[in-house]
Amino acid sequence: MSAAAEATVLITHDVGLHARPSVKFTKLAKTFAADVEIALAANGPWFDAKSIVKVMAAKAPKGTVLHIRASGNGADDAVRALIDLVQRDFDEDAGHVRSA
Amino acid sequence: MSNVGIVIVSHSPLVAEGTADMVRQMVGDEVPLAWCGGNGHGGLGTNVEAIMGAIDKAWSEAGVAILVDLGGAETNSEMAVEMIGEPRAQKIIVCNAPIVEGAVMAATESSGGASLKEVVATAHELSPS
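Chains as they are written, first to last, in the UniProt record's numbering: chain A, 1 to 100; chain B, 1 to 129.
Because the hints were derived from the structure by calculation, they are not lab data.
Cross-link-like lysine-lysine pairs, in silico, DSBU-like; alpha carbons within 30 Å at most:
(1) B:Lys57 <-> A:Lys30
(2) A:Lys54 <-> A:Lys30
(3) B:Lys117 <-> A:Lys59
(4) A:Lys30 <-> A:Lys62
(5) A:Lys30 <-> B:Lys117
(6) A:Lys27 <-> A:Lys59
(7) B:Lys91 <-> A:Lys30
(8) B:Lys57 <-> B:Lys117
(9) A:Lys59 <-> A:Lys30
(10) B:Lys57 <-> A:Lys27
(11) B:Lys91 <-> A:Lys27
(12) A:Lys27 <-> A:Lys54
(13) A:Lys27 <-> B:Lys117
(14) A:Lys27 <-> A:Lys62
(15) B:Lys117 <-> B:Lys91
(16) B:Lys57 <-> B:Lys91
(17) B:Lys117 <-> A:Lys54
(18) A:Lys54 <-> B:Lys91
With the sequences and hints as input, model every part of the structure.
What follows is the structure, encoded as structure tokens:
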């Protein structure tokens with residue numbers, strides 16, 4: 001079974017998709033079988049969301065509208081879970097943000 | 001634990017421990033991790049025995065990736081791998097990558113269950129080619 005899903009989410013976390021959030025994002029992406037990609041604009045370029053090096057290099061700051069797309073098994077679940085993570089500010093409180 | 005282990009070898013115990021701390025806090029506990037650093041007398045340096053001990057501590061059947069800082073850390077790590085010998089030696093790779101970034105990136109890759117080859121490739125992506 002294959003499927004495709006795509007959605008956008010606003011990054012509200014103070015430091016954006018930087019070191020610590022990138023690790024969480026990538027780790028979550030890796031738990032899905034689907035291919036998952038992110039982009040900072042609708043027309044790309046698209047980066048492999050399971051590559052920690054590429055996600056960190058994207059340097060998406062606070063206020064970025066992050067585009068997430070997935071294809072293959074569990075694509076919907078993958079996009080939904082990653083959107084949730086971004087909306088939860090990567091489960092970090094303000095204390096962690098300053099030291100990140 | 002079947003995730004690839006990460007070993008951090010620095011001339012400075014503070015750098016090694018701090019790097020390990022970053023891996024633990026940023027990536028988590030699901031990656032076997034060990035560090036060593038210092039000459040054993042409070043000074044800067046690395047030694048083969050301590051590196052072998054760290055490899056034992058972080059050992060995983062999936063293999064071990066070693067992140068090093070400067071010169072002697074690399075040669076002593078290679079010597080440690082040689083002394084450990086086969087069959088384990090073929091599952092241990094000394095990475096050519098910046099120690100802090102490499103350790104965090106390699107551990108992130110490992111935490112997802114990647115192979116030793118993939119973990120090392122991720123660390124190597126950070127090196128200027």
